[in-house]
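A.B. asks: Each chain, written out:
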Amino acid sequence: MSIPAIDVVNVSKVYRRFARQKQFATLKSALLKGSLIRDLQPDETFPALRGVSFQVPKGCTYGVIGRNGSGKSTLLKCVAGISRPNSGTITVDGRISALIELGAGFHPEISGRENIFINGIMLGLTKKEVQKRFDEIVEFAELQDFIDAPVKTYSSGMYMRLGFAVAIHVDPEVLLIDEVLAVGDQGFTLKCLDKFAEFRRRNKTIQLVTHSLDLVEKFCDQALWLDKGQTKAEGEPKRVVASYIIDVERTEEQELSKAESARLAASAKGGTGDGAGGKLPDNPVESGEAPADMFKATEGRWGTRELEITGVTLLGEDGQPGHVFQYGEAVRVKMNVRAHHPLKDFVFGFGIFNADGVCCYGTNTNLEELRPDEISGEGEVTFAIDSLKLVEGTYRLDLAAHKLDGYPYDYHRLLYSFRVKSRTKDVGIYRPDHRWHFSPSIRFKSGSGPGEG
Amino acid sequence: MLQNLAKLFRYRGLIRILVARDLKARYRGSVLGFFWSFINPLLLLLVYSFVFTVIMPGMHPEEIRPYGLFFFCGILPWTWFSSSLSESANVLIAGGNLIKKVLFPAEVLPIVAVLSNLVHFFLGLPILAAFLIYYRRPLDPVELLWFPVIVLVQLLFTTGLAFLISALTVHFRDIKDLLGNLLTLWFFSTPIIYSMQMAPENYRWVLNLNPMTHLAISYQEVLFHVGPHGHWKWLMALGVLSVFVFLAGYFVFDRLRDSFAEEV
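As given, the protein sequences belong to chains A and B, one line each in that order.
For the first sequence, position 272 (counting from the first letter as 1) is numbered 272 according to our numbering, and the numbering increases by one without interruption.
For our numbering, count along the second sequence from 1 and bump the result up by 1000.
There's no promise every hint is true.
What the hints assert, rightly or not - Quick list of simulated restraints, FRET-style, between CB atoms:
no., chain 1, residue 1, chain 2, residue 2, range
1, A, Thr189, B, Asp1177, 32 to 38 Å
2, B, Val1142, A, Glu136, 51 to 57 Å
3, A, Arg423, B, Arg1016, 39 to 45 Å
4, B, Arg1016, A, Glu136, 22 to 28 Å
5, B, Asp1174, A, Gln230, 37 to 43 Å
6, B, Phe1050, A, Ala149, 41 to 47 Å
7, B, Thr1184, A, Ser87, 44 to 50 Å
What the hints assert, rightly or not - Below are the DSSO-like pairs computed for lysine-lysine, each with C-alpha atoms no more than 30 Å apart in a straight line:
no., chain 1, residue 1, chain 2, residue 2
8, A, Lys152, B, Lys1176
9, A, Lys228, A, Lys58
10, A, Lys238, A, Lys445
11, B, Lys1100, A, Lys152
12, A, Lys132, B, Lys1007
13, A, Lys128, B, Lys1024
14, B, Lys1100, A, Lys58
15, A, Lys195, B, Lys1100
16, A, Lys232, A, Lys58
17, A, Lys195, A, Lys58
18, A, Lys127, B, Lys1007
19, A, Lys238, A, Lys334
20, A, Lys132, B, Lys1100
21, B, Lys1100, A, Lys228
22, A, Lys191, A, Lys128
23, A, Lys128, B, Lys1100
24, A, Lys232, B, Lys1024
25, B, Lys1100, A, Lys127
26, A, Lys403, A, Lys445
27, A, Lys228, A, Lys421
28, A, Lys191, B, Lys1007
29, B, Lys1007, A, Lys128
30, B, Lys1176, B, Lys1100
31, B, Lys1024, A, Lys127
32, A, Lys58, B, Lys1007
33, A, Lys128, A, Lys195
34, B, Lys1024, A, Lys132
Hints in this document: simulated from the structure, not taken from any laboratory.
A quick note: this is a predicted structure, and the numbers were derived from the prediction, not measured.
Every residue gets a Cβ at the ideal spot worked out from N, C-alpha and C, and that includes glycine.
Please build the complete structure, drawing on both the sequences and the hints.
C.D. replies: If you want it as structure tokens, here you go:
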């Protein structure tokens, strides 16, 4: 087996954190207290990387994914040689170019032309090499008309493009990229991707740190998932991305349920089942009146609680409670209710609101012509959705028990939330069942992915 | 450390272009542009000449007249020295982007600060030459051979201190403020506005401990005073010291290098 382009063995990196007063330590105070040496020692440490090992073979495109703060960028900086790991070894075979910050080292006062030379030489080219590539760089950056203007007059897009153009034309053996594809407009991004594709064709090694899972799946030969400085998964990109997504969903799930219990706790403080009538900010409980505008999204709980919603559970297809669902999943919303005395006049309502507070759908048992007969004691109400046809996003639920004339028993407004995940990035508040038909003269390259097909 | 030091030679292309950038950028946007490199020392010369010959005349012994010229021989190299140090105090922090985001040899930055000020020093020399001709001062060509040696000693000494100051300022930002005052004190402890002979006998040993004293006297001996360079022994001793200062400065810089990317 040939030598890998990047060989990382058991690398750990610890960032030092200084206590507040030490951070502002001055030479004078250090000398006075005789703590000069001690102040230069870390007193609190934060592990950014913990024993990471991997190899990137030559010609491989290697994606690194992970949440914010998982150590991705630190890893890249260590590979680039900008910072040094505390333990472990990193061997890189060939010239490195790191696209970590574009245009670092541009001097604002001097022209783009001179900056190209300076930046090129900083990145390891000779003057002659820059000369040879100069026209190509300018053309790539699309800056022909402005190349003699001082860089300070450039827009941020122009600045980034120039930085990118120089860095990519250094012609490295190993290219390190840290989330820099978000420069410029769509056209430029495509051009960058083309350039990367060219790199791949020429059997160069690329290590890419990104949040774009799509890019990793489409573009990378291998992927690494970092979590809190440790390798969580490595290997085939599709598999790594999938396990990463599952983990992200699980975390979202936990966050949603945490937020939900916080909201419930807040509204419970307002008025509990005793009906004594505490107050929620804009939901007067004593009068039992709903907010003036029912379509305005203010969360809360109100009502007389003669008929009380005691618990709400969202169940996914697998019958497990959850907060994150896939598009098209069968979802059930289960309400536990209790009537404190037998009632003859009751309606159960259900509503879905999107993140903007727009009502996507609302209904109740009365609208659907279910005539109430009697309710007494404990009971269970389930609103079953056979197929959750919502576009991706976060939604909130309205659940209610009230009289036919709207007099509220127990109104839970926007207290429950869930998230819908979808492979199709369609938008809107309503997704009609649909399919596309084309006459034979119109052809598409491949199937349009998931959806009604 | 020695390996890294050897690498310095490889960066000469980078250093050259960065010095050029510094010089270009400095006067960008000003009307007189590059001429400021000449005008600045000229104005300085006029100010001090005016103060010491018109406002406070007759303070100077015969041997340091014309006073303006005497003063100029000392202030030119001093300006190189002091601006190099005050710039190098800032240079790593200002270049933070390079250190944090690009694989960049940090030691290039203080070197560039020293060298671009050296260029300004050289640009002041034609003014000095003009005055030498104007006052018809005799110059001994053999003695002038000492001039590059003095410059080299000062270069080593200044660069060593620049390494030390730039590296320490990353950790102790207040060196920047401290340095301004220290340089003022240092300036007056160096025989630039006065000659060594004017200093009280019992304080001369203090002045002799100051390395800059011997550089200033050497410049004065070579450029101003008639007669052979009588100070060369001191200069050689200082040369040896400068090598040590340079190595020590680089040693500290090299030791702290890894912390720059995190602390800047």
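A.B. asks: Is the Cα-Cα distance between A/Lys128 and A/Lys195 30 Å or less?
C.D. replies: 22 Å, holds
A.B. asks: Does B/Lys1100 lie within 30 Å of A/Lys132 when you go C-alpha to C-alpha?
C.D. replies: 28 Å, holds
A.B. asks: Is it true that the CA of A/Lys152 sits at most 30 Å from the CA of B/Lys1176?
C.D. replies: Holds, at roughly 27 Å.
A.B. asks: Given the hinted pair A/Lys191 and A/Lys128, is their alpha-carbon gap at most 30 Å?
C.D. replies: Cα-Cα ~26 Å, so holds.
A.B. asks: Going straight from one Cα to the other, do A/Lys232 and A/Lys58 come out at no more than 30 Å?
C.D. replies: 23 Å, holds
A.B. asks: Take the C-alpha atoms of A/Lys228 and A/Lys58, compute the straight-line distance between them, and say whether it is at most 30 Å.
C.D. replies: Given that 30 Å is the threshold and the Cα spacing comes to 27 Å, the pair holds.
A.B. asks: Does B/Lys1024 sit within 30 Å of A/Lys232, going by the straight-line distance between their CA atoms?
C.D. replies: 50 Å, violated
A.B. asks: For the range 39 to 45 Å, tell me whether the beta carbons of A/Arg423 and B/Arg1016 fit it or not.
C.D. replies: 55 Å, violated
A.B. asks: Given the hinted pair A/Lys127 and B/Lys1007, is their Cα-Cα distance within 30 Å?
C.D. replies: 18 Å, holds
A.B. asks: Between B/Val1142 and A/Glu136, does the beta-carbon spacing fit 51 to 57 Å?
C.D. replies: For B/Val1142 and A/Glu136 the Cβ distance comes to about 54 Å; the hint holds.
A.B. asks: What's the verdict on A/Lys195 and A/Lys58, does the C-alpha distance respect the 30 Å limit or exceed it?
C.D. replies: 18 Å, holds
A.B. asks: Starting from the range 41 to 47 Å, see whether the pair B/Phe1050 and A/Ala149 falls in it by beta-carbon distance.
C.D. replies: 42 Å, holds
Checked against the numbered hints given earlier, the structure breaks hints 1, 3, 19, 24, 26 and 28 and satisfies all the rest.
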